Amino acid sequence: MDMDRHAANPPFRLPPRLFDARCKACWFTAAVIVLVAASFASLDLQWAQFLSLDAARGMARFAGEFFPPDLEPGFLRQVAVGAWETLAMSALGTLLAAAAAIALALPASRMHAGDRAWARAPMRLVLNALRSIPELVWAALLLISAGLGPFAGTLALALHTAGVLGRLFAEAIENAPAGPADALRAQGVDPLRVFLYATLPQVLPQLLSYTLYRWENNIRAAAVLGVVGAGGLGQLLVFHMGLFQMDKTCTVLAAMLLLVALVDSLSYASRRGMTR
Amino acid sequence: MTTAAASAPTAAIPSRDPAWRARLGWAVVALVLLWPLLQATEFEPWVLVEPANLRVSAQFLASFVPPAHDRDFLALVARETWRTIAIATAGVTLALLVAAPLALIATRVLSVSAIGSADGRMAALPALARRGARWLLIALRSIPELVWALVFVRVVGLGPTAGVLAIALTYGGMLGKVYAEILESGDTHASTTLLRNGAGRLQAFFHGLLPTSAAELTSYTVYRWECAIRSSVVLGFVGAGGLGQQLEQSMKMFAGGEVATILIVFVVLVALADRVSAGLRRALG
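Which chain is which? The protein sequence lines are P and R, in order.
Position 231 of the first sequence, counted from 1, bears residue number 231 in our numbering, the numbering being contiguous throughout.
Position 77 of the second sequence, counted from 1, bears residue number 77 in our numbering, the numbering being contiguous throughout.
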């Protein structure tokens, strides 16, 4: 009698209904569709202007003006200075950020099970605030007190990156194997030395790897920080683009791409060297 | 006996640091390397505490409290916040249109000629097409979205169109590259079998590759959407609409209260997007 209810082969089934209130993926898809439709509907995008023949012609002329790039020696020197400034901004910003991140990550992490870590929650809040404001916004804010130039950019990179690295560092420190630290603590060693001799050596490769990764990101960021006046290649870019000197803009853009590619390959090579 | 036990550890601790030479040496090297960096970035922290600068900064910071909260301004901020989200969403949607075909072209796993040949190598033309798609993705991705936005602001004028296009192109590059990587790193057994038995590339993709990697693809797209919200704020600084444009205007007018409100809204928005994206990605597994 069981046979009556269950066929030997699975019965021919209808496809599932298109929308089922109990299906989470359906709700997700519906929400995405609504969000996308609402976005396009509310944005008054000027497709007509963008897709018209006129715009296409303007675009072609605009793109044509980029070539040939301006390779005059004097200008190239200027670009080289800008590139060096960008590189220095990103390196120093990352360095400052790593130092600040260590200082912020220590109170933001629970060192051992008995640690009350009263500063953990407020510190995490600070780190999140630092992290969620982009470098460019920091730079625009810092221009008021640090003035135009690469110094504001460096500080902006340092602040944002300190938030990012601080959180990563805190997580690395909390996830480090507790054995060595516990052993030292049982001997009555003070917390600073426990960190320096037990926790830090274990997490150092990870911290370095995070820092290098952020440096790579920061080069990209530093290249465009100049858009708000914070020095480096971005400042040159905006300046020449503002004057519609597209051949010079092209050179600056090429320098940007070259710089990023260079650092990418360097960082990739060194990370491979470290993990091997 | 007790005295010996107590004094033994103290005797074992050296009175001075045995590694001081190396430490000093590395410190000097670090300083020498650091010096040009400090020079190049005009690193002068004392500028921050110069009386004139300090007064301006203090005034600006003091004007942060109380944050602007009149009804008109809050309505404006709410509208701009939605525009920020809309720019990010529309941008990522268009980025998908760029990324999906390019990723399909760039995926090596879907190569029919590689399966047909004895040594698993692609024929010349498909190999070239895949290389070309990859290069296009790299080119799209390596120009920062801010530069794309600057260019598009020149072409289509101020407003959200430039922001949407900038996000579409840069994120198209990023998504396409990662999509191709996800598709290639997944389990390719099913798709290879399908291709070997005469299925088309699209059939192999939809029935072999997509089911196994759909969750990962969606998860990465959601994560990128979250990033796009952050970058659409930044794009506002060059005139592409949204919260960033409002922030820049308030900053130019030294309206500290407005800046404070926008910053708070922005931090909350980013935190929310972070939550939503993390929750969704956890649900996707």
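Possibly wrong hints are sitting among the right ones.
Unchecked claim - Quick list of the computed label-pair ranges, beta carbon to beta carbon:
(1) Asn175(P) x Pro101(R): 26 to 32 Å
(2) Asp72(R) x Ala21(P): 36 to 42 Å
(3) Val267(R) x Phe67(P): 39 to 45 Å
(4) Arg275(R) x Glu72(P): 26 to 32 Å
Keep in mind the hints are simulated off the structure, nothing from the lab.
Quantities reported herein were computed from a predicted structural model and do not represent experimental measurements.
C-beta atoms are modelled at their ideal positions from N, C-alpha and C, and glycine is treated no differently.
How the hints compare with the structure:
1. The given range of 26 to 32 Å is broken by asparagine 175(P) and proline 101(R), whose C-beta atoms sit roughly 40 Å from each other.
2. Distance hint check for aspartate 72(R) and alanine 21(P): the Cβ-Cβ separation is about 40 Å, which falls inside the suggested range of 36 to 42 Å.
3. Under the hint 39 to 45 Å, the C-beta atoms of valine 267(R) and phenylalanine 67(P), about 43 Å apart, fit the expected range.
4. Taking the beta carbon of each, arginine 275(R) and glutamate 72(P) are about 52 Å apart, not inside 26 to 32 Å as hinted.
Consistency note: the structure conflicts with the earlier hints numbered 1, 4.
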